[in-house]
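J.: Below are the chains, spelled out letter by letter.
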Amino acid sequence: MTALAAAAIFLAGALDSRELFQRVKPSVVQIQVLSPTGELRSLGSGFAATSDGLLITNHHVVEGATRMEALFADGRKMKVSAVVFDDPDHDIAVVRVDEPTTPLQLGRAMSAVVGDEVMLVGSPFGLDFTITVGSVARYRPDGLTPEMLALAGDVKPVDRQPMLQLNASSGQGNSGGPVLDGTGAVLGIVRAGIGAHGNFTFAVPSESIQSALAQAQRVAADTSVDGRLLNVGISALVFGVLAVLYVRMRRTS
Amino acid sequence: MKTYRIGFLTIRGGAGIMATLFVIAAVVLGVQPQFTAAHLALNPDQVVDRLELWQLVTYLFIPQPNPFSILISVAMVLMMGSQLEQQWGTARLWRVVVGIGFSTATLTTLLALLLSRLGGIEVFGSHIVVLIVWVGVGLSHRRSLMNFWSLPVTGYTFAAIGMAFSVFDGLFRSWLLIVPDLIAGGLTFLVVHEGFPANAWLRFRGWQLDRQLKKRSSHLKGIDGGKRNVGGDSDKYLH
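As given, the protein sequences belong to chains A and B, one line each in that order. Under this note's numbering, the first residue of the first sequence is numbered 45, with each subsequent residue one higher. Under this note's numbering, the first residue of the second sequence is numbered 704, with each subsequent residue one higher.
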């Protein structure tokens, strides 16, 4: 009986999801947007894209945020030290935490076949590290047409960007979370859900993420030349200018 | 009061420059809220971890991200800052405001090393400038009467009202945000009322001199005034 149940679970694909989740869990984060005093304002999801702490999420998750933290599945919390790259048009943001992370590999959304199984990991409605299993519905290289936009009232007009349409439920808080294929490669990040229960989910495809990540790495490389030394230099310059202004003010007053 | 010209803009006095900086910072805050909050406002953790030491000064000119706060900061600095500037001169006004602001940020950052929760706060410091000028105006009037919304109050009461406003405002947000306000209020009292650091240095020198004189005279003994000195010496002190 037990063997039969195990076989049934295996055939249904549940076992794969379980293994897949265990494998990707260390790389998925909950992005918490905090007030200046540390209270939770809103949250989204994200994942580690490099081993040196670059995380991918949505632009709309980090938009207007002044303070953020990344919560990992093992309970570790890391302060988001900077938004390295922000692309409102594609709704992608690359943020940094100052500790090593376990990255996920990027897959190819354009090659995804309709009907392929996918798994979404995120924090819908604050339910941390929740998985949703679904399938690829369609790859839409031109995003949604105006007619579709008129029907789906809650999707913004900027959604004329390439999108991966999924048959999977998502909710507020899933945004930025990875959409994974059966091998654990990231096909995209959750962007919006429509339908009564958010059961039609749209994801930013991995090709757009790849391009954003490359630009973020360039920015990060430019600014990583001993940042602290640079900061001390900038500080000395600011204080120097202040001192000069003060001396001039003293002479003239 | 000196007038400064930047293109078509004419700014009157040091208080005018402060108000202008508030407006510029408000525009930067509107355009780049994330950058401003992360790198120009005071984040004690960031100052220590990433050595963004400029935050110790730049935070002073960043207003709270709401129009009401920006307007209040500009109006208060123009009204009360100008009053202090007439009394002290531009250089002293700036020295006091920036000096106290810088010291407040430094002490808050040092305190954050002991209190980890304090390390995560973000301080938008225009209200600290308002607090310094408000308390400064009050303390410089001491016991003389001032006008507070048509109510006659002493300078001390006026300063206390300013402090209370700041503390109440902080209480509605978080007690952690009151810490810099309390430090700034205390430092303003020391500087404006007690003449710190110049008077403190004089007092220290006076105490040092007093100690030296006591040490030098420790071997001397006082003698009874009516008693005749041995050897006809008129000095009342003997070895």
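Treat the hints with care, since some could be wrong.
[What the hints assert, rightly or not] To give an idea of the interface, some chain A residues facing chain B are shown, with a C-beta separation under 7 Å as derived from the structure: (1) 80; (2) 85; (3) 104; (4) 127; (5) 227; (6) 229; (7) 277; (8) 292.
[Stated by the list, open to error] To give an idea of the interface, some chain A residues facing chain B are shown, with a C-beta separation under 10 Å as derived from the structure: (9) 65; (10) 81; (11) 107; (12) 116; (13) 122; (14) 125; (15) 276.
Honestly, the hints are just simulated from the structure, not real lab data. All of these numbers come straight from a predicted model, not from anything done at the bench. For every residue, glycine included, the Cβ atom is placed at its ideal position computed from N, Cα and C.
J.: Hints the structure violates: just list their numbers, smallest first.
T.: 2, 3, 5, 6, 7, 8, 9, 12, 13
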